[in-house]
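First to last, the sequence lines map onto chains A and B. For the first sequence, the working numbering assigns the number 1 to the initial residue and increments by one for each residue that follows. For the second sequence, the working numbering assigns the number 1 to the initial residue and increments by one for each residue that follows.
To be clear, the hints were calculated from the coordinates, so they are not data collected in a lab. Among the hints, erroneous ones may be present.
Here chain A is said to cover these stretches of chain B; the calculated rule only asks that three of the stretch's residues, wherever they fall, bring their Cβ under 8 Å from a Cβ of chain A [stated by the list, open to error]: (1) 58-67; (2) 83-94; (3) 157-169; (4) 383-392.
The beta-carbon is built from N, C-alpha and C at its ideal position, and this holds for glycine as well.
So you can see what is in the structure, the chains are spelled out below.
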Amino acid sequence: MFNQAKKIRDKYIREEMWPSIFCTGCGIGNILNYTLRAIDSIGLDIDRTVFCSGIGCSSRLPGYIEADGLHTTHGRAIAFATGVKVYRPELSVIVFTGDGDMAGIGGNHFIHAARRNVDMTVICINNYTYGMTGGQVSPTTPAEDFSTTTPYGNLEEPFDLCRLAIGAGAPFVARWTMGFPYETIAAVESAIQTKGFGFVEILAPCPTGYGKANELRDAPANWEWYKKNTITRIDLARLSPDERAANRKIVIGTLWQEEKPEYVERWQRLVQRLQAEDEPATPS
Amino acid sequence: MSRERDYRRVMKVLGSREQFAQGDVACAYGAILGGCDFFAGYPITPATEVAEAMAALLPRLGGAVMQMEDEIASLSAVIGAAWAGSRAFTATSGPGFSLMQEGIGYACMTETPCVIVNVQRSGPSTGQPTEPAQGDMLQARWGTHGDHEIIALAPASVQECVDLTRLAFNLAEEYRNPVLVMTDGEVGHMREQIVLPAEDEIELVQRRPPTDEPGAFVPFRAVQGSVPEMATFGTGFHTYVTGLTHDERGLPATDDAEKHTKLVRRLVDKVRDDTERLTRVEVDKEEGAEVGIVSYGISARSAAGAVRIARAEGRKISHLRLISVFPFPERAVRDFANGLDRIVVPELNLGQICHVVKEALEGEAAVELVSRIGGEIIPPKEIVRALVEGGEKV
Numbered sequence: 001m002f003n004q005a006k007k008i009r010d011k012y013i014r015e016e017m018w019p020s021i022f023c024t025g026c027g028i029g030n031i032l033n034y035t036l037r038a039i040d041s042i043g044l045d046i047d048r049t050v051f052c053s054g055i056g057c058s059s060r061l062p063g064y065i066e067a068d069g070l071h072t073t074h075g076r077a078i079a080f081a082t083g084v085k086v087y088r089p090e091l092s093v094i095v096f097t098g099d100g101d102m103a104g105i106g107g108n109h110f111i112h113a114a115r116r117n118v119d120m121t122v123i124c125i126n127n128y129t130y131g132m133t134g135g136q137v138s139p140t141t142p143a144e145d146f147s148t149t150t151p152y153g154n155l156e157e158p159f160d161l162c163r164l165a166i167g168a169g170a171p172f173v174a175r176w177t178m179g180f181p182y183e184t185i186a187a188v189e190s191a192i193q194t195k196g197f198g199f200v201e202i203l204a205p206c207p208t209g210y211g212k213a214n215e216l217r218d219a220p221a222n223w224e225w226y227k228k229n230t231i232t233r234i235d236l237a238r239l240s241p242d243e244r245a246a247n248r249k250i251v252i253g254t255l256w257q258e259e260k261p262e263y264v265e266r267w268q269r270l271v272q273r274l275q276a277e278d279e280p281a282t283p284s
Numbered sequence: 001m002s003r004e005r006d007y008r009r010v011m012k013v014l015g016s017r018e019q020f021a022q023g024d025v026a027c028a029y030g031a032i033l034g035g036c037d038f039f040a041g042y043p044i045t046p047a048t049e050v051a052e053a054m055a056a057l058l059p060r061l062g063g064a065v066m067q068m069e070d071e072i073a074s075l076s077a078v079i080g081a082a083w084a085g086s087r088a089f090t091a092t093s094g095p096g097f098s099l100m101q102e103g104i105g106y107a108c109m110t111e112t113p114c115v116i117v118n119v120q121r122s123g124p125s126t127g128q129p130t131e132p133a134q135g136d137m138l139q140a141r142w143g144t145h146g147d148h149e150i151i152a153l154a155p156a157s158v159q160e161c162v163d164l165t166r167l168a169f170n171l172a173e174e175y176r177n178p179v180l181v182m183t184d185g186e187v188g189h190m191r192e193q194i195v196l197p198a199e200d201e202i203e204l205v206q207r208r209p210p211t212d213e214p215g216a217f218v219p220f221r222a223v224q225g226s227v228p229e230m231a232t233f234g235t236g237f238h239t240y241v242t243g244l245t246h247d248e249r250g251l252p253a254t255d256d257a258e259k260h261t262k263l264v265r266r267l268v269d270k271v272r273d274d275t276e277r278l279t280r281v282e283v284d285k286e287e288g289a290e291v292g293i294v295s296y297g298i299s300a301r302s303a304a305g306a307v308r309i310a311r312a313e314g315r316k317i318s319h320l321r322l323i324s325v326f327p328f329p330e331r332a333v334r335d336f337a338n339g340l341d342r343i344v345v346p347e348l349n350l351g352q353i354c355h356v357v358k359e360a361l362e363g364e365a366a367v368e369l370v371s372r373i374g375g376e377i378i379p380p381k382e383i384v385r386a387l388v389e390g391g392e393k394v
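Could you build the full structure based on these sequences and the hints that come with them?
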């Protein structure tokens with residue numbers, strides 16, 4: 001495991017950026033590791049891959065990768081990524097984002113990109129908080145949880161990001177916790193290989209921001225919380241109908257997969273058709 | 001022309017060289033003749049026709065046109081496409097321009113070539129959607145937060161919508177900076193005769209590619225002049241682009257006062273120091289005149305009418321039309337004001353560029369305003385009256 005991590009690090013990490021900004025117990029570094037392993041395993045050409053991100057802790061990830069990176073404005077990573085991909089379809093585009101960045105300020109771009117179905121992979125690291133600014137309530141913070149801006153408890157209901165993605169039309173949607181490295185790596189691989197908008201939500205702890213207010217101050221406590229509060233799709237299917245209906249745990253696994261027309265391919269077909277109309281082939 | 005696009009094919013799509021065309025459509029023509037191959041926008045009156053024209057024309061030339069979910073996304077997609085190698089633009093009006101301020105700042109900080117056409121309408125807020133105004137002129141200069149420099153051009157005719165949009169693409173590439181085409185609802189919606197440039201009149205300035213190899217290339221170091229070479233995505237240079245304060249390698253250096261100062265000064269100076277080269281004005285100076293007009297955009301046409309009327313009445317009047325508004329052509333304005341006692345500035349706002357003129361003149365001549373808001377252009381006679389009796393004090 002360690003040797004492989006070192007191999008991945010030597011191959012893909014931008015050394016000048018080390019050490020990272022991440023706090024002790026933070027899960028974002030693990031997600032970088034999982035993503036790079038997925039890239040390595042499917043043999044993605046790193047010279048032809050662009051990493052986009054918005055603002056927040058998870059959005060710092062492109063800086064750590066020795067590749068083209070576009071660290072953009074808050075919430076807009078997916079919109080920037082759309083421009084990159086549509087103009088240069090031969091590039092692979094991977095977006096790193098967080099719950100605040102993607103579902104808060106960037107929610108509109110997220111649902112429209114899922115609907116539009118431009119070929120890209122969006123990896124959302126959901127830690128239930130605005131970590132970079134010190135632990136404010138986010139669109140995914142569970143109700144009644146505490147944060148610096150909900151000192152008496154959160155009165156709002158959280159988004160289920162995967163249901164949102166499915167409802168908006170994403171053809172690949174998966175959710176894992178960082179406690180499932182191999183499943184997460186496989187999900188990222190599938191998302192990259194999906195011809196269209198691939199979405200992977202990964203629950204990862206923020207002991208410093210979210211944890212300090214919710215008795216989850218260290219990594220083990222967070223991992224325990226994930227174990228207690230999540231259920232795989234397969235385990236859920238094994239429950240009786242009544243138990244399933246009563247389930248309040250977060251469902252993890254591949255939650256949606258379908259084939260649907262991809263935007264850039266459609267655009268290219270349109271261009272070909274119009275150009276053929278404008279310049280009919282010379283009759284032989 | 002760039003990217004397998006030859007003039008013959010472009011003209012087959014655009015139609016004849018001489019046309020009776022609308023200002024917004026002329027912006028689309030200018031963009032395409034300026035090598036544009038990516039457009040992203042969002043519907044807004046009175047700029048929608050730019051998007052409609054691009055949607056009809058650009059796919060036939062192989063380019064991409066996207067209607068995004070809002071104006072923020074539009075400029076974001078434009079910037080992403082620019083880093084992927086495109087000559088990209090968007091078009092909007094006041095409310096959308098307000099939303100784009102975020103992206104304009106990002107493009108300044110990351111030195112991304114891009115063009116924004118703002119068909120100005122009457123504000124603030126939703127205001128008068130179909131009516132012309134020049135109320136976004138200082139927002140164009142200062143709208144995004146932080147120190148930055150902007151290039152802004154102001155077409156006064158449909159022909160200039162073609163010419164200045166085309167120019168904007170070249171300037172964006174050369175300076176690696178956002179370039180604003182500040183038209184308005186009147187110029188955008190009026191129809192006039194235009195003549196599209198001949199093949200030999202078209203020159204496409206391209207961003208300079210890296211002269212060093214990947215690994216040796218330093219992406220935000222200006223080796224020649226003050227504009228760095230640009231390694232677009234997918235070319236093996238592993239360029240990291242961030243809106244954070246960054247060093248010459250492009251890596252964050254947010255707590256380094258010296259690096260921040262060096263970066264932001266270079267971003268500002270690369271445009272400001274080239275003001276003379278970027279200056280485009282039309283001077284109509286009359287010997288012995290003591291009163292002059294400094295105008296721009298649609299109000300320059302009212303001003304030209306006023307000059308004709310006043311001269312017919314036997315008055316001596318000089319007129320300076322600003323075609324480039326930012327970086328502000330200070331020297332041209334000062335040269336023009338030499339020997340004049342009073343300068344009248346007509347604008348479709350309550351006074352914006354008049355203040356910049358006043359600052360440039362440092363009291364050398366009195367600056368007066370002819371102001372009109374509400375959606376009508378300025379009748380030339382109002383300017384004549386100000387020339388004779390004096391305008392609003394600035």
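Tested hints:
With 5 residues carrying a beta carbon less than 8 Å from a beta carbon of chain A, the stretch 58-67 of chain B meets the three-residue requirement, and the given coverage holds. Coverage of the stretch 83-94 of chain B by chain A holds [criterion: at least 3 residues with CB-CB distance below 8 Å; count 5]. Proximity of the stretch 157-169 of chain B to chain A, defined as three or more residues with a beta carbon under 8 Å from a beta carbon of that chain, is not established by the 0 residues found. Residues of the stretch 383-392 of chain B with a Cβ under 8 Å from some Cβ of chain A number 0, which does not satisfy the need for three, so the listed coverage is violated.
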